[in-house]
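Visitor: Based on the sequences and whatever the hints tell you, model everything.
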Amino acid sequence: MVRKKLTRAKKNINRKVGYTTGVFDLFHIGHLNLLRNAKAYCDKLIVGVSVDELVKYKHKKPVIPFFERIEIVRQCKFVDMAIPQYKVDKLEVIKKLKANYLFVGDDWYKNKKWNDMEKKLKKIKCEVIYFPYTKDKSSTLINDILIEKRKKKSS
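Mind the numbering: the sequence shown is residues 91 to 245 in my numbering, read in order.
I should point out that these hints are in silico values taken from the structure, not numbers from a laboratory.
Derived lysine-lysine pairs resembling DSS-like cross-links, with alpha carbons at most 25 Å apart:
1. 210 with 185
2. 210 with 188
3. 177 with 210
4. 188 with 213
5. 177 with 213
6. 215 with 200
7. 134 with 106
8. 186 with 209
All figures in this text were calculated on a predicted structure; none of them were measured in a lab.
Guide: In C-alpha cells:
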C-alpha cells in the first residue's frame, strides 16, 4: 500500500498542470481549438468557466446558463476538470491549483494588464501561453447573427 502511494506521488511530481478560463457561451470551434491546443501542453487541463454574475462585468448576459456551459466544457475530451470562475483575477486560483501554464487568446498579447499578469505569474513559476484568437468566430458574433435572423423572421 505504501509503495502504491509513493508511485502515485512520483507520477504527480512531473505532471504539468494547465489552466484557462472563459465564458464558453454558444460553444464553437474557437473554444474547441483553445482546449485542444492547451491540452497538448499539459498533463492535466483545468478550465474555469465564468459564472453568470462574473460575465456581467463585461456588460453581457450569457445565452446559455452557467450550469449548462460548465457541463458542456466538462464533457469535452480535452478537459480534465471544469470549475466555476468567480473572479476576473486568476492569480489566486492559479496558486491554489499550482498551475504551470495559463492559456489565453493572443488578443491579450502585449496588453498592459497581461504584461503585469505575466510578471506576477513568472514569480510563481507559471508561464502564460498565447494561442491564436479565432477572429471570425465568437459567441458574441454568433449571438448577433442569431438576433438578426430572428428580427428578419418576425418582420
